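There are 2 protein chains.
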Amino acid sequence: MKAIQVQDDQQLVLADVERPELKPGEVLVKVKAVGVNRADLLQAAGHYPPPPGTSEVLGLECAGVIEDAGDTDREQGEKVACLLAGGAYAEYVAVPQGQLMPIPEGYSFEEAASVVEVACTVWSNLGMLAGLEPGQTLLIHGGAGGIGTFAIQLAKHLGLTVAVTAGSKEKLQACKELGADVLINYKEEDFAEVLKNKCDRILDIIGAKYLDQNVKALAKDGHMVIIGMQGGVKGELNIGRLLSKRGTISATALRARDLDDKANIVRSTTEHIWPLLAKGVIRHHIHQTLPLEQAQRAHQMLQDGEVTGKLVLSV
Amino acid sequence: MKAIQVQDDQQLVLADVERPELKPGEVLVKVKAVGVNRADLLQAAGHYPPPPGTSEVLGLECAGVIEDAGDTDREQGEKVACLLAGGAYAEYVAVPQGQLMPIPEGYSFEEAASVVEVACTVWSNLGMLAGLEPGQTLLIHGGAGGIGTFAIQLAKHLGLTVAVTAGSKEKLQACKELGADVLINYKEEDFAEVLKNKCDRILDIIGAKYLDQNVKALAKDGHMVIIGMQGGVKGELNIGRLLSKRGTISATALRARDLDDKANIVRSTTEHIWPLLAKGVIRHHIHQTLPLEQAQRAHQMLQDGEVTGKLVLSV
Ligand SMILES: NC(=O)c1ccc[n+]([C@@H]2O[C@H](COP(=O)([O-])OP(=O)(O)OC[C@H]3O[C@@H](n4cnc5c(N)ncnc54)[C@H](OP(=O)(O)O)[C@@H]3O)[C@@H](O)[C@H]2O)c1
Ligand SMILES: NC(=O)c1ccc[n+]([C@@H]2O[C@H](COP(=O)([O-])OP(=O)(O)OC[C@H]3O[C@@H](n4cnc5c(N)ncnc54)[C@H](OP(=O)(O)O)[C@@H]3O)[C@@H](O)[C@H]2O)c1
Numbered sequence: 001m002k003a004i005q006v007q008d009d010q011q012l013v014l015a016d017v018e019r020p021e022l023k024p025g026e027v028l029v030k031v032k033a034v035g036v037n038r039a040d041l042l043q044a045a046g047h048y049p050p051p052p053g054t055s056e057v058l059g060l061e062c063a064g065v066i067e068d069a070g071d072t073d074r075e076q077g078e079k080v081a082c083l084l085a086g087g088a089y090a091e092y093v094a095v096p097q098g099q100l101m102p103i104p105e106g107y108s109f110e111e112a113a114s115v116v117e118v119a120c121t122v123w124s125n126l127g128m129l130a131g132l133e134p135g136q137t138l139l140i141h142g143g144a145g146g147i148g149t150f151a152i153q154l155a156k157h158l159g160l161t162v163a164v165t166a167g168s169k170e171k172l173q174a175c176k177e178l179g180a181d182v183l184i185n186y187k188e189e190d191f192a193e194v195l196k197n198k199c200d201r202i203l204d205i206i207g208a209k210y211l212d213q214n215v216k217a218l219a220k221d222g223h224m225v226i227i228g229m230q231g232g233v234k235g236e237l238n239i240g241r242l243l244s245k246r247g248t249i250s251a252t253a254l255r256a257r258d259l260d261d262k263a264n265i266v267r268s269t270t271e272h273i274w275p276l277l278a279k280g281v282i283r284h285h286i287h288q289t290l291p292l293e294q295a296q297r298a299h300q301m302l303q304d305g306e307v308t309g310k311l312v313l314s315v
Numbered sequence: 001m002k003a004i005q006v007q008d009d010q011q012l013v014l015a016d017v018e019r020p021e022l023k024p025g026e027v028l029v030k031v032k033a034v035g036v037n038r039a040d041l042l043q044a045a046g047h048y049p050p051p052p053g054t055s056e057v058l059g060l061e062c063a064g065v066i067e068d069a070g071d072t073d074r075e076q077g078e079k080v081a082c083l084l085a086g087g088a089y090a091e092y093v094a095v096p097q098g099q100l101m102p103i104p105e106g107y108s109f110e111e112a113a114s115v116v117e118v119a120c121t122v123w124s125n126l127g128m129l130a131g132l133e134p135g136q137t138l139l140i141h142g143g144a145g146g147i148g149t150f151a152i153q154l155a156k157h158l159g160l161t162v163a164v165t166a167g168s169k170e171k172l173q174a175c176k177e178l179g180a181d182v183l184i185n186y187k188e189e190d191f192a193e194v195l196k197n198k199c200d201r202i203l204d205i206i207g208a209k210y211l212d213q214n215v216k217a218l219a220k221d222g223h224m225v226i227i228g229m230q231g232g233v234k235g236e237l238n239i240g241r242l243l244s245k246r247g248t249i250s251a252t253a254l255r256a257r258d259l260d261d262k263a264n265i266v267r268s269t270t271e272h273i274w275p276l277l278a279k280g281v282i283r284h285h286i287h288q289t290l291p292l293e294q295a296q297r298a299h300q301m302l303q304d305g306e307v308t309g310k311l312v313l314s315v
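Note that the protein sequences, when read in sequence, are chains A and B.
Heads up, the first sequence is in this note's numbering, so the first residue is 1 and it goes up one at a time.
Heads up, the second sequence is in this note's numbering, so the first residue is 1 and it goes up one at a time.
Please note that the accuracy of each hint is not assured.
Which copy is meant is left open, because identical chains are indistinguishable; a pair holds if it fits in one copy or across any two.
As the list claims (entries may be wrong) - In silico SDA-like cross-links for lysine to any residue, where the CA-CA straight-line distance does not exceed 25 Å:
1) K209 with V233
2) K169 with G25
3) K176 with D68
4) K220 with G98
5) K209 with G232
No lab work stands behind these hints: they were computed from the structure.
Keep in mind that this is a model prediction, so the values were computed, not measured.
Start from the sequences and build out the full structure, keeping to the hints where you can.
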């Protein structure tokens, strides 16, 4: 089959490789569309190796059709969306059956392929781990990003007050249109001053650089979840301040979870989020679709920051 | 009435003061016995001021008899144990009704007075916040201390594997007799090496000094709860390491909680812990009982480290 390979010079090229072998509990999916993630860029650059035992091929989410149901009770020909530890930049991918999702009602392969990772990330962290209650205030860092735009819509639907940070007036305006209530330009204002003791929940993608400010922004019994470390890995934690608020800090990643965990997240996300996609309560925006062989160009576009919404590769 | 007052030279003396006035929802309790806590020493030294609006008098727990039920539906003459934000080193104390507990079956006033704070602290953090499941491994720092001995017994009753740290062979032996499975002398061994990636739950009283080691010791999906900062307030958090385990860190304090929270904790502790005290599943050890006027001596004994178990003042 054809698949994208990363050359020694880190260029992405289409090459002939072996079709993946199915392990017990896996199905073979003929890939129709692949979502492009920032993590794919990291992996191509050698910084984010796949978990042991998983495909070396890039690609954390896709949609397609079951080609071979293996030893499972799924049906050949079934249309599916898939959460993956890797392998989607290819004609075929092996998928543990717990990571198969239906295509959201009314969604194309492209739309489905590009919503899986963000939906599972946002729901597992905000819905399953931190828990969102109406009336709470949620701070979302990078509100205009892929994770951010999704999280704003979910939180507004659940009746929260939403504060966001973003790097420009235009991006803040985009957040506002999605429902965000408090808009903070992180280049001009200190969010910890604006939101001191006010945030019941924080979804953080910055890590070390924001650790102290996030603790300042936390409300009593507040819970922050760190899912990205764009601002560094090690930061000083003021435990006294955290204790005075009875605060909680979690840090999570989706890709390295075991099969049971992923199956659990996939099940819960399908139950809670798929209906919201079908009804258009949460809208998902594709920036552009390119053919798989232009993977290199897609990565370049993401790198250059010229993308608002998701990039998709069609196979 | 008589109450202990802290003089300018930080000596504790018995003095005449006004009886407390009841606020709505409070009852007046005639104090029979008071538990002495390390926090009382801190407060006497001026380092741990009472929360705004509460008594200036020392004393976080007591047992006694309701003298005046105020506007509540409690009964005059009822025997009660009380969780307090302060005020127990006295003949009478005003207690919000949500903070009244029954005397555990078979317990004396002295035993009841000295078990409230530790029971509410351990249960609210391990039972209500972190949650303990059979088969998990729990690390308890300071296993031979007041909090530690109580936590060991609770965790063993709930079917966990318990690891403890303590500062001497004798103290570790005492932990072993209470059921602890893994004994670590913190003066001789690095607990993070012994328990790397093994601890589903950690109860920490050290804070900054152990932050990095605690994160190393955490298992996947592990949760540590910090309730003391004997080793400092600010420490470096390795967010990358926490994220790789999907770990959670909480920091909590009991005294500053609001009335609803305290009532909730008191209710749950009465439900889950009081039967274990009545049955002797958890045993509670009083080191010595002194009369209230010897509060100064009690503080000195605690300061000098000559106490194993609780000190009680009888009124
Ligand atoms: N742990 C997991 O399971 C998991 C899963 C998926 C994604 N992630 C992580 O989540 C993060 C976001 O992913 P994404 O797909 O949404 O990427 P994205 O669309 O590229 O968004 C990145 C965001 O970071 C924002 N940002 C950069 N510097 C900032 C600062 N100093 N303060 C506030 N915001 C800042 C950007 O805001 P402006 O453009 O306005 O500057 C942008 O919105 C990434 O770090 C990714 O690795 C983690
Ligand atoms: N947040 C809250 O709501 C709350 C409520 C109650 C208590 N606390 C805190 O909990 C802590 C314990 O209270 P307690 O009543 O149990 O006091 P305690 O009986 O005096 O115990 C103190 C313990 O600290 C241990 N310790 C000292 N240095 C240590 C180290 N480097 N490593 C491991 N253990 C060490 C001691 O162990 P060795 O004697 O073996 O050296 C001792 O067991 C205190 O810090 C207290 O302030 C917090």
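Hint by hint, where does the structure go against what was stated? Just the numbers, ascending. Those not satisfied are hints 2 and 3.
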